[in-house]
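Model the full structure from these sequences, guided by the hints.
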Amino acid sequence: MKKDRSGNYFEDFRIGMKISHATPRTLTEGDRSLYIGLTGSRTALCTAETNARQLGFEHRPLEDLLVFNTAFGKTVPDISLNAVANLGYAEVRFVSHVYPGDTLAVETEVIGLKENSNRKSGVVYVRSTARNQHGREVLSWVRWVMVHKRDHGAACGEAVVPSTQAVVPAERLRRSDYTARVREITGMTGYSDLWEDYGVGERIDHPGAMTINDSDHSLATRLYQNTARAHFDGHAMTANGGQRLVYGGHIISVCRALAYDGLENGLSILAINGGSHVNPTYAGDTIACATQVLEKVDLGREHVGALHLRMIGVKNASGASIAFPEPGEDRPVHPSNVVLAEVIAGDARRARNEFGFLRMWSIYPAQIQPIVNAMRPDFTEVEDAAGILVAAQDADWGPIQYKGELHDRATYRYFWEVLQKAKVTGMTVPDEADRRFLAN
Amino acid sequence: MKKDRSGNYFEDFRIGMKISHATPRTLTEGDRSLYIGLTGSRTALCTAETNARQLGFEHRPLEDLLVFNTAFGKTVPDISLNAVANLGYAEVRFVSHVYPGDTLAVETEVIGLKENSNRKSGVVYVRSTARNQHGREVLSWVRWVMVHKRDHGAACGEAVVPSTQAVVPAERLRRSDYTARVREITGMTGYSDLWEDYGVGERIDHPGAMTINDSDHSLATRLYQNTARAHFDGHAMTANGGQRLVYGGHIISVCRALAYDGLENGLSILAINGGSHVNPTYAGDTIACATQVLEKVDLGREHVGALHLRMIGVKNASGASIAFPEPGEDRPVHPSNVVLAEVIAGDARRARNEFGFLRMWSIYPAQIQPIVNAMRPDFTEVEDAAGILVAAQDADWGPIQYKGELHDRATYRYFWEVLQKAKVTGMTVPDEADRRFLAN
Amino acid sequence: MKKDRSGNYFEDFRIGMKISHATPRTLTEGDRSLYIGLTGSRTALCTAETNARQLGFEHRPLEDLLVFNTAFGKTVPDISLNAVANLGYAEVRFVSHVYPGDTLAVETEVIGLKENSNRKSGVVYVRSTARNQHGREVLSWVRWVMVHKRDHGAACGEAVVPSTQAVVPAERLRRSDYTARVREITGMTGYSDLWEDYGVGERIDHPGAMTINDSDHSLATRLYQNTARAHFDGHAMTANGGQRLVYGGHIISVCRALAYDGLENGLSILAINGGSHVNPTYAGDTIACATQVLEKVDLGREHVGALHLRMIGVKNASGASIAFPEPGEDRPVHPSNVVLAEVIAGDARRARNEFGFLRMWSIYPAQIQPIVNAMRPDFTEVEDAAGILVAAQDADWGPIQYKGELHDRATYRYFWEVLQKAKVTGMTVPDEADRRFLAN
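Residue numbers (the numbering used here), protein chains in the order written: chain V, 5 to 444; chain D, 5 to 444; chain Y, 5 to 444.
Hints listed in this document are in silico derivations from the structure and should not be mistaken for laboratory results.
Since the list gives no way to pick out one identical chain from another, each pair is judged satisfied if it fits inside one copy or across any two copies.
Heads up, simulated DSSO-like pairs for lysine-lysine below, C-alpha to C-alpha not over 30 angstroms straight-line:
# : residue 1 : residue 2
1 : 7         : 300
2 : 22        : 7
3 : 6         : 300
Here you go:
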């Protein structure tokens with residue numbers, strides 16, 4: 005009769021397995037108030053009922069990242085309770101607005117499994133979908149996470165690595181909901197900058213900064229009913245020589261709120277492509293951020309357009325200190341204290357949407373040692389990583405085959421981390437890869 | 005014209021006195037959101053409106069302990085502002101669900117008074133009842149608290165010590181509200197463990213743990229409009245060599261939320277019998293807990309049954325380190341850092357209720373010195389305690405008469421503490437009691 | 005295309021300029037719950053829907069200072085982002101109650117501008133008005149703030165200093181909304197003290213005290229969408245040798261909540277005349293307060309009257325340690341750790357309103373150095389301050405002309421600070437002023 009609540013391990017997942025996460029969650033004005041209190045969110049569409057009606061909505065929708073974080077939190081107990089590390093996200097699509105009183109139900113399908121060659125863990129790829137009480141899809145995303153095996157000797161099937169889109173294409177972005185009335189947003193915010201006023205390559209320095217308090221991130225993460233222990237169990241974290249980590253989704257919410265200044269006429273986040281948390285945030289750290297316009301996306305609508313943005317956040321440094329990667333520079337480039345994210349913000353007049361991209365592969369330095377311990381004996385994987393990345397670069401980072409397995413940008417990011425960890429732990433990296441990727 | 009707001013002292017209470025506490029309080033979805041943010045509560049019935057309807061409710065009720073803490077907070081300014089220590093609770097009965105928009109009005113009747121023999125303080129026994137805006141009882145409890153006298157020389161009447169039930173009997177437990185539809189809860193939680201799947205003596209280790217932050221407990225306690233100074237006045241606490249105490253009701257709420265894992269199909273708390281806070285919690289402490297099934301209670305309903313549970317929480321230790329008392333071991337047994345509580349959780353299929361028991365007599369170590377100071381000159385009380393407990397044990401812990409006063413489990417707990425304090429402060433304890441109760 | 009979000013500087017303001025602040029804000033029950041959690045507010049009118057109806061209201065209104073802080077927060081990005089210091093408030097009038105679901109839109113008119121003689125900054129005087137979704141005025145106030153110039157060489161127009169009322173006159177105080185049913189409040193609070201039970205000169209010591217946590221004030225200030233960096237950017241504050249300041253409006257809210265004990269039958273704040281934050285509050289400080297009745301104001305209504313109160317808060321000291329200024333003592337008198345505020349609280353039977361006065365001129369010690377730096381080269385201003393204050397005292401603190409400029413109590417407070425800063429920084433103050441105002 006023992007109630008085992010130790011969560012799923014790598015060998016518990018099967019391709020095609022579907023999980024309905026416990027339990028559906030009704031979001032209310034109370035959740036919005038707490039979200040505003042936790043982040044300082046000030047978007048025009050969500051701040052006042054009168055604003056929403058004036059902009060052509062029946063009611064003011066809930067904040068996009070409140071919805072994302074709530075839906076994501078639901079998946080934690082089933083997917084990532086035994087995670088080594090959260091490796092990445094892709095194709096986060098905000099399909100419908102969510103309103104107070106709506107109930108989100110979240111379902112996840114396992115779409116990929118790849119045991120690590122050390123046989124101690126593996127990567128689980130899932131596609132999660134949140135639907136409202138009418139069964140309508142409101143949000144979906146792909147995520148991959150490295151999960152411990154319970155039994156290192158357990159046999160696992162052949163690797164299946166799904167392909168994901170590096171950028172959600174324009175035709176998959178939401179464009180309904182936005183009538184000509186959205187142009188009245190400029191009268192609300194007092195700023196006239198619209199879609200045509202943003203230029204590709206333009207940099208926006210957001211003036212604010214936000215110190216994260218202990219209770220801030222704990223309240224946020226509990227509000228999302230996210231049970232990941234790294235955020236809550238200070239005793240265990242301290243015993244292991246660390247401290248409680250701030251949930252990355254809270255940092256994204258804070259950055260989004262800070263980014264209001266300069267993106268005032270943005271209406272909604274349409275998508276998040278990817279990003280990474282390259283350093284952990286702890287209570288007491290101060291977050292600042294800056295945004296770069298990567299692309300302007302025509303949604304084929306008269307009054308709204310989309311901006312493809314990259315947002316970089318830093319801790320305990322000024323937003324002005326942020327260096328954006330050069331255009332065309334494809335591999336992850338960021339100093340040690342940078343939180344990278346690509347977010348597409350939008351605006352009004354001809355084009356007033358906002359969408360965002362975060363492709364997270366989330367390796368906290370504090371997480372490296374267990375990962376390294378899990379992998380170090382397996383020199384093979386470092387060799388594979390080197391081989392795959394060299395081949396990938398030769399293919400201009402398009403999809404490749406390597407030892408009979410398909411690889412694309414999703415897995416490149418993973419192997420990139422493998423190389424970095426190999427370097428960090430003093431392992432020998434094959435020459436070609438070392439020269440190409442690890443030389444300063 | 006001086007406005008004296010120094011609160012009630014022992015001699016201000018009279019048997020039969022009724023106090024309507026200021027003021028009624030309307031609870032809303034906003035209070036629920038904050039409660040979720042503060043505790044991470046995830047019960048199926050309260051998390052989604054769709055869940056509640058599917059389970060046969062018209063709306064989703066508010067979380068049980070949000071209701072309890074709110075009602076309890078109302079009584080603090082009148083009952084325990086001048087408390088030496090919170091000695092105990094009994095017969096906490098959750099009679100009706102409370103819904104957002106409901107208003108709680110709380111009334112207390114003084115049902116017992118017993119001056120301490122040192123004449124510096126006394127024990128006040130009260131029965132408090134919370135009713136909704138329709139006058140319907142939603143919650144009631146008995147509590148006893150040691151309160152200072154304003155004037156040590158004041159004459160007080162004869163002692164009246166009410167008897168309380170050690171365990172709320174099955175026939176007094178709520179059983180309405182639960183139709184056959186409650187069986188659908190297993191589809192929401194993803195766990196199939198129902199009433200018949202729990203066995204007497206079974207132990208459930210809850211995997212989570214929660215570090216308590218300064219703002220967490222302050223926000224919670226203010227939300228309940230609880231004005232007890234020990235939780236808020238850091239300046240005074242520090243001046244007295246201590247620090248702010250976390251409100252015990254917040255710890256119970258956190259433990260209840262952690263206990264979701266393993267008790268997923270529990271529907272409601274039906275009762276709390278008793279328990280104790282044997283050590284104070286301070287900001288920064290991490291709470292973990294485990295639960296033991298003491299008894300399975302048949303409610304005479306086809307679809308729901310009750311579980312009588314004991315929950316023990318610890319701080320800064322793993323839940324696995326918790327040692328439950330042996331069956332039949334009646335006297336309070338807990339290591340120094342254990343928070344003991346008995347909670348009955350339930351589940352679905354034949355029997356899906358949940359109720360709980362907490363008989364708190366709440367002696368924080370930091371509170372012992374003032375208590376000891378108040379009592380030490382009075383060796384008589386130690387002698388009485390010894391005499392009462394020896395007689396009680398001989399009567400197999402049933403009710404006894406001692407020097408013309410009736411005593412039962414409610415007062416045994418108090419005298420148990422008297423003996424412990426006598427030992428802690430180096431007083432001589434009568435041999436028989438010392439041998440029976442204080443020898444290791 | 006650079007998006008400049010550096011905020012308004014002194015030379016950007018023009019007399020008569022009107023600013024509609026971004027963006028309107030809908031307040032809900034969720035905001036109220038968080039407000040109660042942040043402050044412990046317990047006013048009868050706002051705590052229960054049943055209370056409000058019994059007192060003759062259709063619904064329970066939102067807490068007065070939740071409304072004030074929200075409306076005030078809206079003005080920060082446009083008015084005080086580049087502030088040297090927040091100098092003062094006057095004529096804060098609570099004109100209509102605000103209910104959950106109401107939307108506040110805030111507009112500000114620039115009514116005065118006075119460049120400092122050092123030409124590095126200037127004082128901006130504004131009148132702000134908050135209206136609900138029906139366009140009805142709910143709150144208005146005058147504020148003056150010292151703002152940096154972007155370009156020290158920029159030419160500014162002639163000084164215009166508006167006159168303000170030291171005390172909002174009785175005829176401008178709200179008196180509607182209060183029917184004979186308000187007398188039922190005594191049954192809710194359990195206290196019988198009404199308007200006629202308060203005497204001029206009476207002192208009320210509020211028994212509570214509240215330690216301010218990091219997250220408490222951050223959550224509050226973000227809830228109000230107030231973006232002032234001093235409250236959020238711990239990194240910058242630390243880099244400058246300081247630490248994050250607690251938003252003064254949160255301290256006022258906490259004091260108001262503590263003042264419940266002794267002013268239980270107060271219904272509403274009608275006005276705030278002024279006050280000052282004479283010392284900064286940091287996380288970890290404990291706030292206590294006391295109130296003095298300055299005046300009883302007959303509103304010409306049978307069931308309600310107003311009390312003109314002065315509230316003084318202290319940090320890390322007992323409320324009993326507070327020394328109120330002697331009657332008729334007009335100049336600001338407060339020990340170094342006193343937060344001064346005048347609040348008028350009221351009650352029921354013949355007269356049951358409450359209104360308050362805060363005339364803040366808000367110089368935090370940590371803000372003195374930048375102010376001094378901005379002014380020290382300009383000895384002229386110290387001479388002016390001395391001359392103005394000597395003349396003002398001779399005129400019994402009535403309005404005066406000095407070098408062709410009109411001055412009244414509003415500016416006297418400012419020049420008082422100039423003299424204090426001159427003394428603090430070791431500058432020579434003209435003899436007469438030194439003798440009158442700075443000698444101990």
